[in-house]
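Participant: Chain by chain, the residues run as shown.
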Amino acid sequence: AQSVTQLGSHVSVSEGALVLLRCNYSSSVPPYLFWYVQYPNQGLQLLLKYTTGATLVKGINGFEAEFKKSETSFHLTKPSAHMSDAAEYFCAVSSNRDDKIIFGKGTRLHILP
Amino acid sequence: DGGITQSPKYLFRKEGQNVTLSCEQNLNHDAMYWYRQDPGQGLRLIYYSQIVNDFQKGDIAEGYSVSREKKESFPLTVTSAQKNPTAFYLCASNGRDRGAPGELFFGEGSRLTVL
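Respectively, the protein sequence lines represent chains R and B.
Each residue of the first sequence is one higher than the last, beginning at 1 in my numbering.
Each residue of the second sequence is one higher than the last, beginning at 1 in my numbering.
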């Protein structure tokens with residue numbers, strides 16, 4: 001079975017500071033990993049995904065994530081936070097066995113002026 | 001415009017009533033999903049379907065039912081057996097990208113409140 005753990009249900013950073021949102025996964029087969037963002041009362045939007053190949057993945061809005069198999073992690077980073085980054089972020093895992101996609105509980109990112 | 005359309009956006013129901021949430025997509029995706037979202041719980045998978053006339057239970061299928069008679073449509077029925085149905089429901093579809101699971105496209109959600 002696959003699972004995702006996101007450390008920290010709420011994270012606060014100052015505008016201009018580094019954003020780091022943590023995600024660890026569990027999977028018995030090679031995982032596919034995703035980060036999604038959700039703004040209030042809306043659906044989710046894909047930020048980036050890892051399937052195969054390069055382990056450092058770049059996404060939209062300046063975000064990137066690195067797949068570390070030895071640490072079973074896929075942490076999301078952004079060098080400089082912007083007020084518009086305030087939202088809820090979800091890490092998700094899937095595999096090539098089927099189309100089941102499992103989400104973590106989410107991390108709400110707060111940006112301090 | 002291609003996308004996922006969920007309706008209704010807001011729905012109120014009395015205890016003991018069944019209610020059906022609509023989800024339609026025009027992205028020509030094979031796979032469709034229903035998730036339930038509660039504060040602090042993230043998204044929990046209710047049902048998913050990889051192809052027409054086939055679907056699988058997710059992690060919290062009890063009290064819900066689905067059908068997949070057409071590729072474009074994946075309605076969710078919240079039955080009276082669902083003990084705590086008040087939640088935000090999200091439908092999504094997924095087109096495979098070179099053999100790997102692709103991006104999930106989400107609707108705007110349906111908020112169900114049981115009175």
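No lab work stands behind these hints: they were computed from the structure.
A virtual CB, placed ideally from N, CA and C, is assigned to each residue, including glycine.
Careful: at least some of the hints might be erroneous.
Unchecked claim - For each label pair, taking beta carbons as the anchor points, the in silico distance ranges come out as:
hint, chain 1, residue 1, chain 2, residue 2, range
1, B, K57, R, T5, 19 to 25 Å
2, R, I60, B, G16, 43 to 49 Å
3, R, S9, B, K57, 24 to 30 Å
4, R, N41, B, N84, 29 to 35 Å
Claimed, not checked - Here's a subset of chain R near chain B, in silico, CB distances under 10 Å, partners left out:
hint, residue
5, V29
6, S94
7, K105
Participant: Hint numbers the structure violates, sorted upward?
Facilitator: 4, 5
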